[in-house]
Amino acid sequence: MKDPDGKSTLGDRAPEAGRRFNWGEAIITRLIQLSGYSAIVFVGLIFLFLVRQGAPALFETPLAELFGTRWYPIEGYFGVLPLLTGSLIVTVGAMAIAVPLGIGTAMFISEIAPRWVREILKPLVELLGGLPSVVLGFLGILVLSPYLRLFLDLPTGLTALAGSILLGGIALPTIVSIAEDALDAVPRAYRDAALAVGATPWQTMWGVTLPAARSGVLTAVLLGMGRAVGETMAVMMVTGNAPVLAVRLSSIVSPVRTMTATIAAEMGEVASGSPHYHVLFFIGMLLFVISLVVNVIASAVVFRQRSRSERILS
Amino acid sequence: MSGPASRTTAPESNAGRSFRAGSVQRRLVQRIGFGVLSLTALATVVPITMVVGYIVQQGGSAVSWEFLSGLPRDGMRQGGILPAIVGTFLLTLGTAVFSVPLGVAAAVYLAEYAQENTLTRLIRVAIINLAGIPSVVYGLFGLGLFVLFLRFGTSILSASLTLSIMTLPVIISAAEEALRAVPQSFRTVSVSLGGTRWQTIWRIVLPQAVPGILTGVILGLERAAGETAPILFTGAAFFLPRLPNSPLDATMALPYHLFVISTQVPGMPVQIQYGTALVLIVFVLSMNLAATVIRSRARARRQW
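Just so you know, the protein sequences line up as chains U and G, in that order. Take the first sequence: its letters are residues 1 to 314, numbered as in the numbering used here. Take the second sequence: its letters are residues 1 to 304, numbered as in the numbering used here.
Careful, some of the hints might be misleading.
[Claimed, not checked] Partial list, computed: chain G residues near chain U (C-beta under 7 Å):
(1) Ser64
(2) Ala106
(3) Gly132
(4) Ser135
(5) Val136
(6) Thr263
(7) Val282
(8) Ser286
[Unchecked claim] Computed footprint of chain G on chain U; a stretch qualifies when at least three of its residues, placed anywhere within it, have a C-beta under 8 Å from a C-beta of chain G:
(9) 22-28
(10) 140-147
(11) 153-162
(12) 231-239
(13) 262-270
It should be emphasised that the hints constitute simulated quantities derived from the structure, not laboratory data. As the structure is a computational prediction, the values presented were derived from the model and not from experiment. For glycine and all other residues, C-beta sits at the position ideal for the given N, C-alpha and C.
My request is simple: use the sequences and hints to build the entire structure.
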């Protein structure tokens, strides 16, 4: 008998010749193969269902209106621009918090911290990654936003800023763990060479290790951003849910509404098949495309680095 | 800094002195740099411990036997949260039922069968993308496919299926890594003794990879247990003061319940909110702890 796909690492060495055809083995191999393809199938299905329900929005709502500045579904205004800017401002704010903290923490864990500190810090950061976002949103309502209102003297603490702070916390673990992996992967020889020519540990870290790991760090930032854009519950709970165009600097301390929060807040109340329903799926399509682009760029960065370092080290 | 020649002849005197000359400033820079990095690490870690500590402190007094085992009463303002606890448990279990076999099988394919070709690269891109899709988009997808198209309705089944697709990339990546860590010699020996490929995988490779797979599974399920957005339109019930009795029932769930009582119900006692948050993080973080323990014990016991 032959292996059904005949392209194995093991099968060609397996002493199966001369035995009768092994049905069990063949079926299992086929099942495993199908499972292997499942990820592609699911991505395809997700895209298909989003398009099926979301594409009609392009015909039902005039394009100028769909990308207009008014989101007021009850009156039939479905302009997604306020939601796009809402997501944008909250994400930018989150990255302003999470990128310096995340990279700093990763450098601290990977380069400075003694072993025992590292053994404490890594699980703690993982712990943050495991905290359900709804818990952070809950504390955002009860603790964070009253503080913000008090300190910044705002009419309400439920603002883009509150969302940014929570999202920063949610993006942090992703950034820390991937950036730390990237820093860890920098060959020992790079550091040794820098230290040997007289650089201080700080100069080595800043001038050699970090630049050498920069594509991994960039990937970390991109994936953290992906998490921030896609996060739903925490932002929905603390950003105040006001779908207004967020284009001024003061928008950061005003209530906004993100794309994700809009879907979560309104999907439960719309009739399936209505224009509103289709627009919500259309927003889902936009989110899908955004995450696709971010992830493809992020993985392309990693692949490029891998091939380059392979060239250098070979 | 002196040239390399002087360093080979007089490593101590010449090079050493010039090193020390500029070193005061450099050491100051280094001290500031290290200080800043330590501060960022603190700024990351302190809020985490504060969040957990605060919820434990505030919620501790609300958690009683009645709270854990009772049904909600008086519009959820009194009584317990048993249906939400059971619901989250069932959703997690349902997610495991679908995602673990599929995810592990997919990992076996990638680690043991697949060649490096365009199709395999496509699978990897698909996995990366699945991992990045926003959770609320999974909710939309589950609503479209499971609830409406397949007519499973708003049910534990629909919600579990939705969560399992979301969990899949985590399980596949972790399981593949665990399988690849098993030394090639294990496979060679098994095959040389007459084992078929599947026998080798099932009896030799998989058992060796169990701790790694388990860690990944638990971390994936931990995320599923804490998620709200994917179950929002696929299986979560606003208020359902009884236990579900079929997979086609909707159910209350801890994360959604916390969302409901902290935003949708006016006059909700803060105690109950903190209590619910505490139960949720204990549920989720005990899974995290289990994963950490399994990982470190397996690492200590590994023979290769």
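Hints and how they fare:
no., hint, verdict
1, Ser64, "violated (20 Å)"
2, Ala106, "holds (4 Å)"
3, Gly132, "holds (4 Å)"
4, Ser135, "holds (6 Å)"
5, Val136, "holds (4 Å)"
6, Thr263, "holds (6 Å)"
7, Val282, "violated (11 Å)"
8, Ser286, "violated (10 Å)"
9, 22-28, "holds (count 4)"
10, 140-147, "holds (count 3)"
11, 153-162, "violated (count 0)"
12, 231-239, "holds (count 4)"
13, 262-270, "holds (count 4)"
Consistency with the previously given hints fails for numbers 1, 7, 8 and 11, ordered from lowest to highest.
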